[in-house]
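With chain Z fixed as given, assemble chain W onto it according to the hints.
As they're listed, the protein sequences go chains Z and W.
Letter 405 of the first sequence, counting from 1, is numbered 405 in the working numbering, and no numbers are missing.
Letter 267 of the second sequence, counting from 1, is numbered 267 in the working numbering, and no numbers are missing.
It is worth saying that the hints were derived from the structure and are not from the lab.
Note that the structure is a prediction, hence the values are computed from the model and not measured.
Sample of chain W residues lacking proximity to chain Z, with all beta carbon distances greater than 12 Å (derived):
id	residue
1	20
2	100
3	187
4	264
5	297
6	320
Label-pair restraints from in silico Cβ distances:
id	chain 1	residue 1	chain 2	residue 2	range
7	Z	189	W	311	29 to 37 Å
8	Z	289	W	221	29 to 37 Å
9	Z	189	W	226	22 to 30 Å
10	W	321	Z	289	36 to 44 Å
11	W	123	Z	70	53 to 61 Å
12	Z	120	W	321	39 to 47 Å
Positions of the beta carbon are idealized from the N, C-alpha and C atoms, including for glycine.
Listed here are the chains, written in short residue letters.
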Amino acid sequence: MRRDFLLPDLGEGLQDATVVQWHVRVGDTVHLNDRLVTVETAKASVELPSPFEGRVALLDIGEGDGLRVGERLASIDTSEDGEAAAPRAPDAALLPTGAPTGPVTRQPVLVGYGVDVVPQRATGRREWRRRKAPGRRALDGGEQGLGTTPSVPATPPNGFPVPRPLAKPPVRWLARTLDVDLHQVRPTGSRGEVTAEDVRAAAGSAATGDAAGSVGVARGEAMRQDERPSWPGGTGASGLAGDDRPEEIPVRGVRARIAERMSLSRSTIPEASAGLWVDCERLLALRAALRDDLRSGSARDVGGAEALTPFAILAWMVPFALRSAPLLNASFDAAAKVIRVSRAVHLGVATGTELGLLVPVVHGAHALGLRELAGELARLTRWAREGTLTPEQLTGSTFTITNYGALGLDDGLPVVNAPEAAILGVGAIAPRATVHDGELAVRSTAKLTCVFDHRVSDGADAARFLGRLKALVEQPELLLGTR
Amino acid sequence: MSAVTMVAAINAALRDAMDGDDKVVVFGEDVGRLGGVFRVTDGLSDRFGPQRCFDTPLAESGIVGLAIGLAIRGYRPVPELQFDGFSYPALDQALNQLAKYHSRSGGLVDLPVVVRIPSFGGIGSPEHHSESPETHFAHTAGLKVVCPSTPGDAYSMLREAIECPDPVVYLEPKQRYWTREEIDLPLRTEPMDQAVVRRAGDDVTLVAYGNAVATAMAAAAEAEVQAGLAVEVIDLRSLAPIDVDAVVASVEKTGRCVVVHEAPRTLGIGAEVAALVQERAFYHLEAPVLRATGFDTPYPPARLERDWLPGVDRVLDAVQAVWEQ
Chain Z
1 MRRDFLLPDL GEGLQDATVV QWHVRVGDTV HLNDRLVTVE TAKASVELPS PFEGRVALLD
61 IGEGDGLRVG ERLASIDTSE DGEAAAPRAP DAALLPTGAP TGPVTRQPVL VGYGVDVVPQ
121 RATGRREWRR RKAPGRRALD GGEQGLGTTP SVPATPPNGF PVPRPLAKPP VRWLARTLDV
181 DLHQVRPTGS RGEVTAEDVR AAAGSAATGD AAGSVGVARG EAMRQDERPS WPGGTGASGL
241 AGDDRPEEIP VRGVRARIAE RMSLSRSTIP EASAGLWVDC ERLLALRAAL RDDLRSGSAR
301 DVGGAEALTP FAILAWMVPF ALRSAPLLNA SFDAAAKVIR VSRAVHLGVA TGTELGLLVP
361 VVHGAHALGL RELAGELARL TRWAREGTLT PEQLTGSTFT ITNYGALGLD DGLPVVNAPE
421 AAILGVGAIA PRATVHDGEL AVRSTAKLTC VFDHRVSDGA DAARFLGRLK ALVEQPELLL
481 GTR
Chain W
1 MSAVTMVAAI NAALRDAMDG DDKVVVFGED VGRLGGVFRV TDGLSDRFGP QRCFDTPLAE
61 SGIVGLAIGL AIRGYRPVPE LQFDGFSYPA LDQALNQLAK YHSRSGGLVD LPVVVRIPSF
121 GGIGSPEHHS ESPETHFAHT AGLKVVCPST PGDAYSMLRE AIECPDPVVY LEPKQRYWTR
181 EEIDLPLRTE PMDQAVVRRA GDDVTLVAYG NAVATAMAAA AEAEVQAGLA VEVIDLRSLA
241 PIDVDAVVAS VEKTGRCVVV HEAPRTLGIG AEVAALVQER AFYHLEAPVL RATGFDTPYP
301 PARLERDWLP GVDRVLDAVQ AVWEQ
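Bound conformation, chain W alone:
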């Protein structure tokens, strides 16, 4: 066992996948010579050569389009879009082509593409670098969207995503890039379409993913200290599809649910979880499902982001509100 950072885990997953299958190719802005702005692809170009890990022009739509073409010809491309906000120029290729080619071809053509996107805020970066793009992808049928919150999951889910015959959008919580976990690589955690209970409790269910899992865990610990509440934390891991059975099983136990995410509130993943919970667990609900989220504004300048992001206090406000219903 050793303390592995999420960056190292993702790097190892890419390296092991490329070792195992020479059709796996990695490309994107600065992923080759530089090794990625977060060092995620460090050493891959040296190890596998510029044919399999290479730099692209600053043209995200072209990056995803290239991945689609390579996949049609039998490759397993793992393109990186350097930052969340930079995924928006690629939405045309992602939503109109990547998501639809399989059904458009009547199931004849698989697109085993994994689009890696360092995502979310909290690192003091300028605009375009702190977006939460998940809803755009999760709303588009034909794409799987996953988001690990631990180094072990980051490794396992990336390996599984690369093996998956369907396109997967793999969102990396960059604020957690340097969190460490004692693990041995390679490892397999739960299948990537399953949610995981990170902390068990009978009083309130907190649903989170990505950066927000750590926030939810901290809030759950505070709720226990301050109010003696046993808060259950569910790490969704997969945002499309959502493991609704896991969420409903928890809410049937607690009767109270709060969803936490950085993305703005309107039409976010929290809205979908709330809808699913009231459909499936209506008669178990002791309180309305609440959301602790970012605000419905553009992402703020870095010096304001700590106030904008849903922190422990905002989560506790919601936990207390559902508890006191």
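Pulled out of the complex, with its shape left as it was, chain Z reads as follows:
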């Protein structure tokens, strides 16, 4: 195949050049990048390498003659095998570094690497984030939650499109929080828009029992209370009274995965548990001081202040406490008869979502500063609820914490997140009657519970871990001496 070598642009927009000397003759064999010709431009004299491999068929320009950019300098018969004959950009070898050398996709220009002649496409490096939880409906209807009947008929009876309900953004958020479909709400606003009162009224009339009231405070809480599946076949008392057959909910997706993991944990891990009460007054004071500082101090970070919850501070203390009991940050490999103690702490954080329980992972938690960890925790929790976590963010934990205290629970007995060796449960921080300095006092306290794989560690490990964590929570200044 005969390939033409056109004079490329040899500088910023130079238009022509003069051939000074040919280094090959017609009939010579040339290899890729062999010296072909010396040309002179207004700026410099340049040796041009051969962009092709083959036999020189034509030399168009005599020595001393000039030519313009884009005109043919020479033709080369390339070797006959398919690889060498693959179509290439005419002066591909002279394009700047990084320019494509594959099939022709660009038109050469005087300045730059050329103009695309094929449409731009996705790089393939990006994956579409997973879709929102099926339980979350689009604000204006659309895909419905588990088992609820679609509120908008696919084909409206009168054939006209269903208008999008009018509502201000905070009302849309309220409707989403209360799981209210705006199409189903009668608007009373002066512009025909749905008001917050309309949404609350709709939620109140639709919910079973007192669910609406409790859901109303769910926004911004650690766990949403509307995670329970809605009742198919209608809502409220009518659904229950009309039909007493059990409702069957298919076990799939996240629910199936939770079932599998829990069964695996309970069937393979002989677990034991231990717990103690901690006084949280100093922790709460520390958090208040840090928040104030972040809101108004020189290191102002309003978003960071929001993320700095008591739980985030406690989670940050966990890697320090684990140093007292490294066997809790490990895994048991029964087949290999080996205990693997992790040097890093990758902290799993059990998070309630509409899909079910997810455990996003704060990787390298032991190396993070407090604000970094708190920010990461806030982001992961948000993405967990939005259903946008990546697989990497859901795997690789070495130790897990579960904050059932956010649900208002005083105590719990969590299941170890296999194959990890332990899990920490954190109960609600609340004022309780307690003995402080030998006196009965009302203090904010919380119950910490550690469930551990008894094959890996013993009660003494849990005691050291919890004891150290208690010391850090009650005397945060001890952290100053940890490193």
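Chain W alone, transformed into the frame defined by chain Z:
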């Protein structure tokens, strides 16, 4: 404490910076012998000599180019472009060189240049003397753009800008040059990249900078008298970067936001603030973000400028509109 004008505060900041570092040099049109058309550089040439405070030819591109060269050689130049409209001949040097030299050199070369520009309208001056040039600079990555609205801020932010290793465009609201504030110099106010709440309120957020801060304060006071509204006024101070956290924190509280600036509406700072607010605080918004701005026309002749500039009435129109949504 004494009542210090903004002109005196800027003059003191230049004097103190030149006292503290003999690499600080001031130059521009009429800044030397005359002491500046607004007396901002009064006395500097006498005090520091014509080597450190001197007049230049009427060639703004050359003024900024000179500053770039001096900065590369270790100086901290503080050039003045005499009026906002006169900054446009310097845009080539400012946007193509000043903003890019640091990244072009792979971070090797800092350009600690502060370009002072008496800006905005409201003083009855002819064309080229009443422009709002901020968007051109704020849109160009590599430049910081700040704009004080009080004498105290004018002093503190200019000192901070001169100490900053990066190029800073320092816009002076010349209509406020002779407003006074009871302060003691030297002083440090909030860091120059932070917005400040000038007046607290829970009902509507007014975002402003430069001349418009005083307009916003007057409108907030009127809104309280006329409608009992508690209007929060945020003085942006920094236009690049914008302290979005401060704006969002306020809008999350009020749910309503109006941006005030003299510059024409299209693609102004108000457009950017509105975009940031809807990105970050969408579910808190009770009303669309509105803008009370100059019009999308060339700056008018002086006798029409009071009708052209966003005054208290135009701001109140917007406040009422977002409130009644």
